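I would like the entire structure built from these sequences, with the hints used as guidance.
These protein sequence lines are chains A and B, in that order.
Under our numbering, the first residue of the first sequence is numbered 1, with each subsequent residue one higher.
Under our numbering, the first residue of the second sequence is numbered 1, with each subsequent residue one higher.
Careful: at least some of the hints might be erroneous.
If chains are identical, the list can't say which one is meant, so a pair holds when it fits in one copy or spans any two.
[Unchecked claim] In silico DSSO-like links for lysine-lysine, alpha-carbon gap of 30 Å or less:
{"hint": "1", "residue 1": "Lys337", "residue 2": "Lys76"}
{"hint": "2", "residue 1": "Lys41", "residue 2": "Lys163"}
{"hint": "3", "residue 1": "Lys334", "residue 2": "Lys76"}
{"hint": "4", "residue 1": "Lys294", "residue 2": "Lys337"}
{"hint": "5", "residue 1": "Lys196", "residue 2": "Lys41"}
{"hint": "6", "residue 1": "Lys76", "residue 2": "Lys325"}
{"hint": "7", "residue 1": "Lys115", "residue 2": "Lys67"}
{"hint": "8", "residue 1": "Lys65", "residue 2": "Lys207"}
{"hint": "9", "residue 1": "Lys294", "residue 2": "Lys115"}
{"hint": "10", "residue 1": "Lys65", "residue 2": "Lys119"}
{"hint": "11", "residue 1": "Lys10", "residue 2": "Lys263"}
{"hint": "12", "residue 1": "Lys325", "residue 2": "Lys67"}
{"hint": "13", "residue 1": "Lys207", "residue 2": "Lys294"}
{"hint": "14", "residue 1": "Lys337", "residue 2": "Lys207"}
{"hint": "15", "residue 1": "Lys65", "residue 2": "Lys325"}
It is worth saying that the hints were derived from the structure and are not from the lab.
Small disclaimer: the values here were computed from a predicted structure and weren't measured.
One letter stands for each residue in the lines below.
2 protein chains.
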Amino acid sequence: YLNSCKVYAKGRTDLNDLKAGWMAEPLTDINTLDQESDDMKRRMEMMIMRIQGDICRSFERIEGKRKFLVDRWERKEGGGGITCVLQDGEVFEKAGVNISVVYGKLPPAAVQQMKSRGKNLVGTELPFFAAGISSVVHPKNPHVPTVHFNYRYFEVTCEDGSKQWWFGGGTDLTPYYLDTQDVKHFHQTLKTACDKHGQDLYKRYKKWCDEYFYITHRGECRGVGGIFFDDVEEPNQEGAFRFVTSCAESVLPSYAPIVRKHKDDAYTAAERQWQLLRRGRYVEFNLIYDRGTKFGLYTPGARYESILMSLPLTARWEYCHAPEKGSREDELMKILKNPKEWL
Amino acid sequence: YLNSCKVYAKGRTDLNDLKAGWMAEPLTDINTLDQESDDMKRRMEMMIMRIQGDICRSFERIEGKRKFLVDRWERKEGGGGITCVLQDGEVFEKAGVNISVVYGKLPPAAVQQMKSRGKNLVGTELPFFAAGISSVVHPKNPHVPTVHFNYRYFEVTCEDGSKQWWFGGGTDLTPYYLDTQDVKHFHQTLKTACDKHGQDLYKRYKKWCDEYFYITHRGECRGVGGIFFDDVEEPNQEGAFRFVTSCAESVLPSYAPIVRKHKDDAYTAAERQWQLLRRGRYVEFNLIYDRGTKFGLYTPGARYESILMSLPLTARWEYCHAPEKGSREDELMKILKNPKEWL
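Written out as structure tokens, the structure is:
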């Protein structure tokens, strides 16, 4: 997992070297990124550009057949994004890696939602900045799990001029068939990334992940979890950024080996059907419960194609489908209904 | 469209004749239905049992290959339902016709939601009764539209003992390819049913339908509309019941001829793909916006399989799919973005 993208180092990085690793022109002018490279807004943008480049190139090497389509878009209210999508590939049925760097005024409903989460925000239409990377990868082979990750930085300026900032994110795995060794590898890689920044981080964020990715009406988790966190300000801006960077850098080593291991596994039509049914559950979670999706779609001027990129190419719903007792499908369901500790 | 089910007439209907037309034992004991046949709760239950029987039998005659699976379920909080599903048929890819007759205490959130709609309800956990029929039919052939209908009766008892009741419902059509003649036939049949009960009903409820079945984030209607209404108390309980009965009876004559006309139309793989993409939009509407689905799934003890029966067997999401200018797919999109008057 050697990085193909250069890590930015002030005064020591040729800007052209940076750009070579990115999927498109950055949303912020590259000279601004360089000049303001001490500002967390710019550091976050450069970090997510690098991770996007690394991940897309790595997936392209695994894929073989198709390349990512790169869609750079601008938002009239401020900022924009770079959406990379690979569809109908040999290995990846649908993989999206999206970054967005947006700013403007937070709609009152968003301020309200943040207040209800405990944010101490003064005012109703506050200036904000948000930069994040988010991705969902739905492979073709039912023996390769789906992965999702999202890392973001948020800044809000209150009416009294005070600034609040926080980080959020997570990575989680959704297998169709359980391979305990894979799940352990996945969790161990995330834990190693967390452990560098605090002894209890993995434990706390693993629990939060199980609680968040929960399909309430079915009483089951979306997958086998990973890590999830929001409103992170600890230990300080620098420390929180390093933590989030470690998490983002752990995505490829946590997931790519699982793809390589199973991408050529033989599978039956029945296994494919099961995968599509589980993808239906994925759609249910994303459209009914996911805060990011709901928040995104209710925001005026939202780029819904980038938000809904997380949906699978195909999904299926059968009335009252229940896997056969003792089958591998049933084995997965038991874990989804009773999330466990993997390490 | 001769009814196979007997219409109940007090003292003149043999109870065994009634039962013969229904899909299962009623939720309420048949002797209670007979004895309390002046009570709107019982009249509504008998009406929806009859409509369910008529529609399922009629669809089975059209289908040929498969029969409806009949699932009678009870709800521990009070009442239950009869879910009829026909899946993977030759004509119908997934057709669900569900009735439910439920009672108990309304959760505070539901009372709140009704108040926000303008209901003058006193109290927080109020006794309620609800009986309704709801159905979604997803045919296999992309030239046959999807239809949805729902007719319901609601009763709430306030803390001061006063009772409030109302009817709601509607029927709407979601074609994948536009056949103007079909859409006109569909709307004309609904209009004829409405006109018997009031001159402006069709006009008002047609408009309400276009507004309700709207996918806000995409700026498009789910389909070509039909009628939709809620909180109907006019002109009185008897008159409102007759109106709703006319609407429910108009479902088969509005839709069955369209199915018969197109069920054997030739279609291409590209047309099937387009149908699956549009079914993705159907899923988006139902899971993100539909009040019934949301309300249902957030209700403790909800029977989610009956609620999610509305979802298609298969749906598809492609990033930034856009139909070719001037194609038949594009022609449909124009109508969905600018709903028109059909009559």
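Now for the hints, and whether the structure bears them out:
no.: 1; hint: Lys337 x Lys76; result: between (43 Å within a copy, 22 Å between copies)
no.: 2; hint: Lys41 x Lys163; result: within (13 Å within a copy, 58 Å between copies)
no.: 3; hint: Lys334 x Lys76; result: between (47 Å within a copy, 25 Å between copies)
no.: 4; hint: Lys294 x Lys337; result: both (24 Å within a copy, 22 Å between copies)
no.: 5; hint: Lys196 x Lys41; result: within (23 Å within a copy, 64 Å between copies)
no.: 6; hint: Lys76 x Lys325; result: between (53 Å within a copy, 26 Å between copies)
no.: 7; hint: Lys115 x Lys67; result: neither (42 Å within a copy, 53 Å between copies)
no.: 8; hint: Lys65 x Lys207; result: neither (38 Å within a copy, 48 Å between copies)
no.: 9; hint: Lys294 x Lys115; result: both (17 Å within a copy, 24 Å between copies)
no.: 10; hint: Lys65 x Lys119; result: neither (46 Å within a copy, 58 Å between copies)
no.: 11; hint: Lys10 x Lys263; result: neither (40 Å within a copy, 67 Å between copies)
no.: 12; hint: Lys325 x Lys67; result: between (41 Å within a copy, 26 Å between copies)
no.: 13; hint: Lys207 x Lys294; result: both (22 Å within a copy, 27 Å between copies)
no.: 14; hint: Lys337 x Lys207; result: within (14 Å within a copy, 44 Å between copies)
no.: 15; hint: Lys65 x Lys325; result: between (38 Å within a copy, 29 Å between copies)
Hints 7, 8, 10, 11, counting from the list given before, are not met by this structure.
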